[in-house]
Amino acid sequence: MEVQSNDERSFRLVYEEVFPILMRVVYHVTNNVDLAEEICQEAFIRFFDKQMSFPSLNDAKYWLIRVSKNLAINHVKRKSRERSMVEKLKQMPTPHANTTDGEKVLMEQETRKQVQEAIEELPEKYRLVIVLKEYSDMDYKQIAQVLNISESNVKVRVYRARKMLESILNQE
Amino acid sequence: MCVDDELLSTFLDGELTEPWKTQVAEHLGYCSACRTRLSQLQQLSERLTSVTLTEDEMAASKDRVLAFFETTKFPTATDKVPFLKRRFELKLAPALLSAAAFVVVVVGAFVFFSPNSPHGQEILPGVVAPIDSEHIRQVTDLPKPTLDMFSLEQIIQHLDAMGYAVKLEVKAVTPIE
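Chains A and B, in that order, are what the protein sequence lines are.
Okay, so the first sequence: first residue is 1 according to the numbering used here, each after it adds one.
Okay, so the second sequence: first residue is 1 according to the numbering used here, each after it adds one.
Quick caveat, the hints were computed from the structure, so don't treat them as lab data.
There's no promise every hint is true.
[Unchecked claim] Here are the simulated lysine to aspartate or glutamate pairs, DMTMM-like style, with alpha carbons at most 20 Å apart: (1) 62(B) - 8(A); (2) 73(B) - 8(A); (3) 163(A) - 5(B); (4) 77(A) - 38(A); (5) 73(B) - 108(A); (6) 73(B) - 7(A); (7) 79(A) - 16(A); (8) 50(A) - 8(A); (9) 62(B) - 7(A); (10) 73(B) - 16(A); (11) 62(B) - 124(A); (12) 73(B) - 38(A); (13) 163(A) - 46(B); (14) 62(B) - 42(A).
[Unchecked claim] Covered, in the sense of this in silico footprint (three residues per stretch, anywhere, with C-beta under 8 Å from a C-beta of chain B), are these stretches of chain A: (15) 54-65; (16) 152-159.
As the structure is a computational prediction, the values presented were derived from the model and not from experiment.
Ideal placement from N, C-alpha and C gives every residue a C-beta, glycine not left out.
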C-alpha cells in the first residue's frame, strides 16, 4: 500500500501504527517523556510537510524512526551536560499512576531509573541498536536498514550492548 | 564445547539461521550451563522491555500530537459544512444575476425601443449619427490643462478637497477704508 505523507487518511494510518514505537524509541534515547513527545511531533511535522510518497507503511516507519532517532541523538548531545540529575528525576513518568500499590510503583520507578541510566551509559552506536531492538519491534534486517549498517553489524552491536548492560546493572 | 555467547544472543532474538539454529537448540537440550546463560540474556531483555512506556502513559502525548495536526494540517469536519454552503451560494449567485440581467435587458428594450415611445424617437437618430470629422474629436488635440484655465475659486476648492490648508494673502492692494 503506497503511503502519501500529506494525505490525511494515510497520515492517520501511519500515525496510529508508528507513534507508539517512535515515542518508546525516543524516550529510551532521551530519557524524557516531554521531550520524546516534542521530538515525535517534529518528526511527524517533517513527514507531513515534505509530502513524500512511500512504497509501503514500513518504509514510512523506517523514515520516521530514522528522523526521530537523529533528532533525539542531536538533542542528547546538545543537552547532556546541561541537565542535572534533579531534573532527570522530575522528568521520570509515574508508571501506572492509577494503581494503589505504592510499593509496587516505587519498585517499578526504581527499575526504570536503573535501566534508563544503564542505557544512557552506553556509547551511542550500542545504545541506538539495543533501543531499536528492544523497543521498536524490528528485526536485525530492519534495524540495519534504519541505521544504514550491515545486518551482521547489528547482531554484534546487540550482543555487545547486552554485555555492557549486564555489567552496568550487575554493579548496582 | 559450549555455544558462543554471541550465538546465544542471536538465538534469543530468533535471528539465527540454519543449520546453527537446530544445532544450538539441540545443544541447549542437554547443556544446563548454556540454558542458564540463555535464561540470563532473556531476563535482561525482559527487564529492558518491562520499563518501557505503557499505552496509558503515551495516550495523552498521542492525543495532543494528533490534535495539533487536526487543528493545523487537516480540514476538520466542522469546516466542511460551511464550505459546502459557500459553494452552494456561489452557484446560486450567478444564476440570480443572469436572471436579473435578462429582465433588465428585456424590459429596457420595451421601454426604449417601443415604436410608440417618445424616447425611442429621440434616441434612435442619435445612435445613427454619421461618423465624420465633425463628430470626431482627437483626444490628442485637447489643450493640456494649465492653471490659467481655472478660476482662483476653483483652485482653492480643489486644494481644499485635497486636504490642504490654504491661506490667502493679498499684496500691493490699497486696503478698503
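Each hint, compared with the structure:
Using a Cα cut-off of 20 Å, the hinted pair residue 62(B) and residue 8(A) holds, with the two alpha carbons roughly 16 Å apart. For the given pair, residue 73(B) sits about 9 Å from residue 8(A) by alpha-carbon distance, which is consistent with the 20 Å threshold. Distance restraint check for residue 163(A) and residue 5(B): the Cα-Cα separation of roughly 10 Å lies within the 20 Å cut-off, and the hinted pair is therefore satisfied. Proximity of residue 77(A) to residue 38(A) is assessed by CA-CA distance (about 16 Å); at most 20 Å being required, the pair is judged to hold.
Proposed proximity of residue 73(B) and residue 108(A) is contradicted: the alpha carbons are some 38 Å apart, above 20 Å. A C-alpha spacing of about 10 Å is found between residue 73(B) and residue 7(A), which places the hinted pair at or below 20 Å, so the restraint holds. Proximity of residue 79(A) to residue 16(A) is assessed by CA-CA distance (about 30 Å); at most 20 Å being required, the pair is judged violated. With a CA separation close to 14 Å, the supplied pair residue 50(A) and residue 8(A) stays within the 20 Å bound.
The suggested pairing of residue 62(B) with residue 7(A) holds, with an alpha-carbon distance near 19 Å, which does not exceed 20 Å. Our distance criterion of 20 Å between C-alpha atoms is met by residue 73(B) and residue 16(A), whose separation comes to about 16 Å. Restraint check for residue 62(B) and residue 124(A): not satisfied, since their Cα atoms lie roughly 27 Å apart, outside the 20 Å limit. Note on residue 73(B) and residue 38(A): the hinted pairing holds, with a Cα-Cα distance of about 17 Å set against a maximum of 20 Å.
At most 20 Å may separate the alpha-carbon atoms for a hinted pair to count; residue 163(A) and residue 46(B) meet this at roughly 15 Å. At roughly 13 Å between alpha-carbon atoms, residue 62(B) and residue 42(A) fall within 20 Å of each other, so this suggested pair holds. Against chain B, the stretch 54-65 of chain A contributes 0 residues with a C-beta closer than 8 Å to a partner C-beta. That does not satisfy the three-residue criterion, and the hint is violated. As drawn, the stretch 152-159 of chain A meets chain B at 4 residues by the rule of a beta-carbon pair under 8 Å; at three or more, the given contact holds.
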